[in-house]
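Enquirer: Chain residues, written in single-letter form:
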Amino acid sequence: MVNPVLLLAVPMGLAFTVPVIERITGRVSRWVPVAAMLFNLVLCVRLIPAVLEGPVIVQLGGFVPPFGINLYVGPLGLFFAGLIALAGLVISVYSLTYIRTGPLARYHMLYILLLVGATGVALTGDLFNLFVFFEILCISSYALVAYNGDRAGLESSVKYLIQGSVGSSMLLVGIGMLYGIFGTLNMADIARSVGMVDQGVLFVPLIFMLGGLGVEAAIFPMNAWLPDAHSSAPSSISAVLSGIAIEVGLYAVARMVFTVFGISDLFLFLAFLGVLTLLIGEMCAFAQSNIKRMLAYSSIGQIGLILFALAVASGVTVTGGLFQFVNHTFSKGLLFLSAGYLIYRSGSMEISSLQGMGRRMPLTSLAFTVGSFSLVGLPPFAGFPGKFLIVRGALERGGTVIVVLTGLVLLCTILEGAYFFRVVQALYFREGISGGSGERAPAAAAVAMILLMMLILALGAYPQFAETFLRSAASDLMGAVEHVGSVL
Amino acid sequence: MTFLNEYAFYIGAFGLILIGLLTILLRHHLIKLIIGLSIMETGINLFLIAIGYISRGTAPIFPVDGGAGTVMVDPVPQALVLTAIVIGVAVLAMALGMAIRLHGHYGTLDMRRIKELKW
Amino acid sequence: MTGVEIILAAAFAGALLTWFIGRTSSTAGSAFAVAVLLALTALVALLHGRVYETVFYRGFLGLPMSLRTDSLSWFFAMATTVLAALSGIFSLSYMKDRKNTGFFNTMLLLVNAAMLGVVFSGDLLSFFIFWEIMSWSTFLLISFNRGQGVNAGLKYIVMSLVGSMAMLVGIGWLLGAFGTLNIARLSELIPSASGGHQLVLLLLFGIAFGIKNAVMPLHTWLPDAYTEAPSPFTAVLSGMLTRMGIFGFLLILYVMAGAARVLHSPGSTVPTYNVVLAWLGAVTIVVPTFIAMLQNDAKRLLAWHGIGQGGYMILGMAFGTGMGLAGGIFHTLNHAIYIVLLFMSVGAVQHRTGGVRDLNSLGGLARKMPVAFIGALMGISGLIGVPLTNGFVSKWMIYRTLILGGAPFLAFAALIGSWGTILSVYKFLHNVFLGQLPSKYENVRSSPVSMKIPILVLSFAILLFGILPGLPLKVIDGIVVSFGLPSLDVSLWGIASEAGTLNTVNLFAALAVGVLVVLAFVRILGRSERVGQDSNYSAGCGVPRDRYNYTARYYDPLFRMISPYLKDFFSTLYDGLARGIGSLCEAVRMIYTGYVSSYVMYILLFISAMIFIHLTWNPW
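Taken in order, these protein sequences are the chains called V, Z and H.
Residues 1 to 488 (the working numbering) make up the first sequence, in order.
Residues 489 to 607 (the working numbering) make up the second sequence, in order.
Residues 608 to 1227 (the working numbering) make up the third sequence, in order.
A few of these clues could be false.
Unchecked claim - Sample of chain V residues with no beta-carbon within 10 Å of chain H, all distances over it, derived:
| no. | residue |
| --- | --- |
| 1 | PRO385 |
| 2 | GLU467 |
| 3 | SER472 |
| 4 | GLU482 |
Stated by the list, open to error - Going by beta-carbon spacing under 8 Å, a handful of chain H positions derived as facing chain V:
| no. | residue |
| --- | --- |
| 5 | LEU668 |
| 6 | SER1170 |
| 7 | PHE1213 |
If you are wondering where the hints come from, they were derived from the structure by calculation, not from laboratory data.
C-beta: ideal position from N, C-alpha, C; glycine also.
Just chain V, same shape as in the assembly (with noise of 0.2 Å):
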């Protein structure tokens, strides 16, 4: 079996070459990042059978767990390392001919870096751990969303990292103060001894950890940097921040609250919360005229969605859950990618400009509108198997307050389909305005809009190869016992 740390050393190392095979051929560097993607989708899927059969624990330097770093390495750890590595070679080999200017050798290493810092998230075992790999992420993306060096791009990416560095500080005074309780930094044996202590002082590092990785996870109130942040940087960015990067933090707010605390007292609150971003997500959305802020918004609702699906906690609406974090980096980073070449073609963000693009560039307009319909959740795409499991777990959970939520979740998928209909009629339904530039997406990036298409029409008319895998990562995230058990 090869060794999963494995990676997140390869893609590093390769970050880090980027700069010098820039000196040697300048052509090669921008094929690094495809390269290391590559090596990470193949070795995950090596690795599924392993996986399958019980968790892979790698000790860090040989250290034993609890004193050593160790990676977790279950179905669902497995499950975001692919999803990474799948998104990120499809938005690689789109940013092969979308970045054209600019200091391109610094780009793709921070890409690389990006997707490492949120692999390594996935994968870790260890609290600080975590954190040094959410720095990496995030400080990869703020330089990232600032690439084009613009007015807007560097205004939302300083505000992105005041933001940004609060919730890393109050994430790691959580830690902080888990460590003062505990002296173990290690997840499985926090969760461990987690029963013994009084759950009135956990609750402040708790929700000091909440806050912190609510701002990455972009949970409301916490979430003011994501619309400037995804709405300002270049489009292939804002693939990876809206598919990955929040996707990436709620994992890691699911994993505390799940396995290493296991507050389910906590659940119902998470579940208002998660509703909550979800109303605030779509009606900013439905009120905006720009077309990528647009987007942002609506990725706010997805993780609204999400948050909601994972905190009815029943393995059914996990399990959808799982399934929305899939459907939502496909069919997000589509919108993205496409709307990358929209607006290059018609000049402006506006949604008006956007007028007409049907006729003109009738691949990528395909490619927004089926990212739209299976974000909106309509069969037959991929958002309708996760908007089903999602709805029918937390019927059959039950309770007043949940099937309330239930339809106020409905209510948005309202809301959601409206505006993003009223795009799709925009491209196809409303008289051209002439101008901006002639260019039509190149080939790199038909290719990467055909292969999430591809994606999200399979993954909406097989679920069940998905599924399978995603209920075994469910019962990862749900059983702490088991999880303690694997690792110590």
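Using the hints, position chains Z and H against chain V.
Expert: The following block gives chains Z and H in isolation, referenced to the frame of chain V:
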């Protein structure tokens, strides 16, 4: 006074964190915000050290003779703080770099006037 | 593969292939689309009389998806494919010189395939999936004409989503409660559920089907959608797609909740639901019919009738007797035939006059477009329910049910609806085809052959089903029997059950005698003299012909009298709601002020509020 003796570090640490946060909340100048971040990070580092501190403990190095009977502070938070400092420096450097670029665009660092992205 | 699977596979594959063929040549694409639709008609016809269920896909989240066919499915499928094929033929020349023909054809086939999927689904999951595919492809087609169509499409899809979400909750609840979505299994299980649960279930599904069928408070999408969609698709939309709501009601009320329960448990929730539904149906008949009278747009006028006629179907179906049920289903078919015919006639007029459908500016086209005129005449006869046309038979069955069922108010409502229908469709016929021909239409040509064929076929069908109602009623009787209700004694000429007897031969004889008597009077006593049109209008003075047009402001006094009472309050309400939500959204987004310190404050407020709550109330 025992209270102070025992909790002085924590009071200091959270005092620094609050000062930093208040700076971020109440000041409008970007450089001051960054200074606030820096103060906050210092506070957190102090907090982490304080967790591992044992009164009158020595550095966590095992002497050659075994060092029986000596009290040592917890080494783990110190390792954490080292990492945190490095990260803090990286963030600081990046923030300052961006502040320079931002000034180039806006001609000001007053965050009340740098809000083109809103709603 | 079994027959149903082949039909669905062919339908979806046909849609896909049409797109590819349409990319190379739009003419070939259109021809192929019509070929596919005709082939589907033949395939569905072959399925007649078969009853079976087959699992076609197991890969969806552990829920087997199945298809089933029985008399109900077959009836709706047959009507769907035949009408879609006729619309396809009609669209050949209608869409000829327009852009995006390939897209139109593909979507038409996709809608058709999804409708077939809806009627053939054997479980609610596949039902929902096909239902949603139907909704979004319809949305794309309604928006197809651009302009106002964009707003109409958005309105449609939002309301449709409301319905789908209600249905999704219902499906999720059913799955949670019974662990299966198979319709046959559910029909055994649901009657055992408590009354309250059933009521909630029926309400949730009722919202979805009520929106699709445009029952009165949920109808507001329909006038815009019918008006703005391209005419061949308006035909499909009005003929069968809207009536998928009726299919859904039949499915949930009779197949799943069980006819026996609907009929025989007074006091329980289901009959109460029935009565409410019947009254909604009555309101749906009366109000839209009179609103239709006030319209000045040919398609919009017909669209309001589309809503009104849906009320008759609901009324017949909700009553729960064999006669009423058969009447409701038969009316669905009849309505589909004549409304498709009417929309085709309007489409033909639009095609030749350059898109004009304003009733105030048309007139006198009967001589120029005789086939379209025949179509419109037959169509309105069916719509009114003139004896010996198909609408008469089904309306008769519904009236009969209402009177026998002791519901005089509902019967009266249905009767008022018929008066309104007569008034308004006469306005339609007169203002388009009769009266004086405006001079700019002097050179209008007759409709093309591909439009004439479906118009003539449908006109013939109206007479055929009016004179020989036994042909479709035999199938409908099979449906009624399959729901566990007593059979109506259907003969080729009519019905001879104890609930009432109808014999079209007698009718025919009576009418023939009446006509002969009148003819004889005219021949023997009548003396007529032809005068010019101006001569009695202007008392012999010469009037410039192009200066006046007495088709304008038809029913003006009536209009002034009733229009204040007949505003579409619900449409206003929903529009206001949408605007309110819009401004609420505008307000909500102001929390993102753009000022970074307030953002940091949000983070800190969250943390401190949580800790405060924790320390004060300790709720966790």
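Enquirer: Does H/SER1170 pass the interface check with chain V, least Cβ-Cβ distance below 8 Å?
Expert: 31 Å, violated
Enquirer: Hint validation: H/LEU668 versus chain V, beta carbon distance must be below 8 Å. Holds or violated?
Expert: At 6 Å from the nearest chain V Cβ, H/LEU668 passes the 8 Å test, so the hint holds.
Enquirer: Verify this label for me: V/SER472 is non-interface relative to chain H, using a Cβ-Cβ cutoff of 10 Å.
Expert: Given a closest Cβ separation of 14 Å, the condition holds.
Enquirer: Is the Cβ of V/PRO385 more than 10 Å away from each Cβ in chain H?
Expert: Label violated. Min Cβ-Cβ 6 Å, cutoff 10 Å.
Enquirer: Against chain H, does V/GLU482 hold up as non-interface, every C-beta pair farther apart than 10 Å?
Expert: 23 Å, holds
Enquirer: Taking the closest Cβ pair, is H/PHE1213 under 8 Å from chain V?
Expert: 6 Å, holds
Enquirer: Over 10 Å from every CB of chain H: does V/GLU467 meet that, or does the non-interface label fail?
Expert: 6 Å, violated
Consistency note: the structure conflicts with the earlier hints numbered 1, 2 and 6.
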